[in-house]
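Chains P and V are the protein sequences, given in the same order. Each residue of the first sequence is one higher than the one before, counting from 1 in my numbering. Each residue of the second sequence is one higher than the one before, counting from 1001 in my numbering.
Don't read these hints as lab results, they were simulated from the structure. A portion of the hints provided could be inaccurate.
Said to hold, decoys possible - Here are the simulated DSS-like cross-link-like pairs (lysine-lysine), alpha carbons at most 27 angstroms apart as the crow flies: (1) 1106/V / 1083/V; (2) 1073/V / 1090/V; (3) 1275/V / 144/P; (4) 1368/V / 1073/V; (5) 1090/V / 1118/V; (6) 1483/V / 144/P.
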Amino acid sequence: MTVERIYVFKKFERFWHWSQALLIIFMLLTGFEVHGSYHLFGFADAVAMHTVAAWTLVGLWVFAIFWHFTTGEWKQYLPTTEKVVAMIRFYSVGIFQGAPHPYRPTVLKKHNPLQRLAYLGVLLFIGPLLWITGWFYLFFGDWKAWGVDGLLSLEWVAFFHTAGAFMMLAFLIAHIYLTTTGHTPLSHIKAMITGWEEVD
Amino acid sequence: MCGATLVLTTSLGLAVAKAVESDAQNAAAAGRMSTADHSKFPELDRVFKTGPEVTQACLICHTEAARQVQHTKHWTWQSKDPKTGQVRGKKNIINNYCTAVVSNEKDCMACHAGYGWKDQSFDFSVQKNVDCLICHDGTGTYRKLPGYSGHPVYKRVEFPHGSGKFVEAVDLRKVAQSIQLPTRSNCGSCHFFGGGANGAKHGDMDSSLQHPGRYLDVHMDEKGLNFSCTTCHATKRHEITGSRYNIEAARTGEAAIRGKSDENPAACQACHSNKPHHQARLDQHTDHIACQTCHIPEFARNDIGTELSWDWSKATTMGPDGKRMVRKDSAGRRAFDSQKGEWKWESYVIPEYRWFNGTSTYKVIGDKIDPSKPVQLSEVGGGPEDPESRIWPTKVHRGKQPYDTVNMTLTVQHTGGEDSTALWHNYDWQKAIGTGMKAAGLPYSGKFDFVETELTWPITHMVAPKQDALSCEQCHSKNGRLKDIEGIYMPARDGSRWLDIIGWALALLTLIGVVVHGAIRVVNSRKAG
Chain P
1 MTVERIYVFK KFERFWHWSQ ALLIIFMLLT GFEVHGSYHL FGFADAVAMH TVAAWTLVGL
61 WVFAIFWHFT TGEWKQYLPT TEKVVAMIRF YSVGIFQGAP HPYRPTVLKK HNPLQRLAYL
121 GVLLFIGPLL WITGWFYLFF GDWKAWGVDG LLSLEWVAFF HTAGAFMMLA FLIAHIYLTT
181 TGHTPLSHIK AMITGWEEVD
Chain V
1001 MCGATLVLTT SLGLAVAKAV ESDAQNAAAA GRMSTADHSK FPELDRVFKT GPEVTQACLI
1061 CHTEAARQVQ HTKHWTWQSK DPKTGQVRGK KNIINNYCTA VVSNEKDCMA CHAGYGWKDQ
1121 SFDFSVQKNV DCLICHDGTG TYRKLPGYSG HPVYKRVEFP HGSGKFVEAV DLRKVAQSIQ
1181 LPTRSNCGSC HFFGGGANGA KHGDMDSSLQ HPGRYLDVHM DEKGLNFSCT TCHATKRHEI
1241 TGSRYNIEAA RTGEAAIRGK SDENPAACQA CHSNKPHHQA RLDQHTDHIA CQTCHIPEFA
1301 RNDIGTELSW DWSKATTMGP DGKRMVRKDS AGRRAFDSQK GEWKWESYVI PEYRWFNGTS
1361 TYKVIGDKID PSKPVQLSEV GGGPEDPESR IWPTKVHRGK QPYDTVNMTL TVQHTGGEDS
1421 TALWHNYDWQ KAIGTGMKAA GLPYSGKFDF VETELTWPIT HMVAPKQDAL SCEQCHSKNG
1481 RLKDIEGIYM PARDGSRWLD IIGWALALLT LIGVVVHGAI RVVNSRKAG
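Given these sequences and hints, build the entire structure.
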């Protein structure tokens, strides 16, 4: 079996991924403290750091969105039904039997069909849910000035924000585990660090 | 009105107030800042036999002063709620301490800014009966004792009766020549001792405010800003601003220019505005929370403490020898007295928090009560849906006092005095209630029992330095200060229990799923390998 190396993750993409990863983990950590789940940094610091991390992530996303559209990389997230069943079968059966990975990433199609669906879900559902509710949460004091104080309640804004956070946490756990399903357990991680993916 | 108040009314808020008050390093400064030295006035350099004689001398120059005072609550002991129309005031209400004034005027009027109110026949129009000295004495020697209907003692007397201690006759010439703007001690001579003991009544006012440090009161700090009471309760025409009877509970907007006639200078926001933190997140709290809630983390922050309950039902319990029994608590505060019943005190008290819109409802003499639950003698109005309401710290004083079990009214009892029906002299409730109800013009069935009562007052004094304000967690936690406040969502206190269960279950199941998945892969690869 020959091992081939392809360059799948460009420099900005890797920077974006890892800084976003750190920010999301940090926001989960501080966010659940604000939610009252535990005491770690103290409420005041947790709120302050959660807010700083949120604005940092906003800044990062502005660059990331710009990058995705100018490079055409946004197409990587277009959903496809092709090989979805094969992927599911691989993760639930084939992977235990040492079956070959049904998907071979290329520079133009770096995500397998399940990845595409999962990331699209994060980008189009979990992300916006957190962004929009987080925005209203952050600007609670301005609701009256915006004329939305009669339409929204902090209770429900917080509810959906927390719900989004739980989904993000579940995604994070699954995502981290699935990095070990490459050519070798660390090859996906290496790829996200160096940019070079080893494929069978 | 001159000196500090005049300067303050023309100044622009806190910064200037600070500069002015820094000059006033001690109580005597209030006198020094005046343009008149009353010891140089020939009208005051004479023998005065009585208080009213002094007032007549005052009125020679201050022609309008008595009439002004006669329009204030300090004189009328009465006020009308502008919103509800209820007529309240010390004259009409029943409180949780000495209960009611009626039939006890000789004692109670020790704190009336007047002379001679001994019964219902008092003439409120006589100008010479206004007591100028209780508020303007600069000697600290002018005292009014219970039993003299608001007069100071003109002859040396034993006080309390039979104690072997004596109070000297007041030197009215010296007092009249010492006239000054009211200091903390002047206001405090009544307001610190309300309820019959130092600190008993308010909890946020006691004699420690005569010489407070920064820890106790950041504004009154003697070595710092050194505010007097009237720095905030700025006064015009003897009308003191900022009464508990009409609180501005939810003031908004910018800091006001001192002296604007339509502005209440006693509210925190008058100097600080309602967005004072230079931090948006803290500022948005002012839409729901009174300044006092965070900035007065505890009241009665000293060993004096404050009274939290007064149980009148224990009164008339005599000692084993059949005589009056008196007991103090470990801090030397009154704990029991056969005359008055049983008290409980506490220091460094954590307030009870309530929604409050500035309007309190009082029980006035003759109001019907429901004895099946604690009778609310003073109840704060408001709620989460009321835009004029904020969450306020309050002192709740709990007690027990007598009521007429047939007519369902709280009774008025004649307590003070040494006559044949006074409770504190005869230890006989029936006689005391009989006399009290008659004086109040109320029917009395002859049957009484004791009912639980509660008195809720907002807390607003003893503002702590900002370092001592509540931290976020003290409310933003599961069992924080505001755990019983309804109608508001508070991060870290609130949340959906179901969402938490489902959310953590989702995370946990995902984790279990990937661990099992990984374990099978490891096992299978070993088998294969």
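For each hint, the structure was consulted:
For the suggested pair residue 1106/V and residue 1083/V, the alpha carbons sit about 33 angstroms apart, so the restraint of at most 27 angstroms is broken. Proposed proximity of residue 1073/V and residue 1090/V is supported: the alpha carbons are some 9 angstroms apart, at most 27 angstroms. Between residue 1275/V and residue 144/P the CA atoms are separated by roughly 15 angstroms; this keeps the pair inside 27 angstroms, and the hint holds. In summary, the hint linking residue 1368/V to residue 1073/V is supported, as the alpha carbons are separated by about 25 angstroms, within the 27 angstroms threshold.
With a C-alpha separation of about 15 angstroms, the suggested pairing of residue 1090/V with residue 1118/V holds against the 27 angstroms cut-off. Our distance criterion of 27 angstroms between C-alpha atoms is met by residue 1483/V and residue 144/P, whose separation comes to about 25 angstroms.
The earlier numbered hint that this structure contradicts is number 1, and it is the only one.
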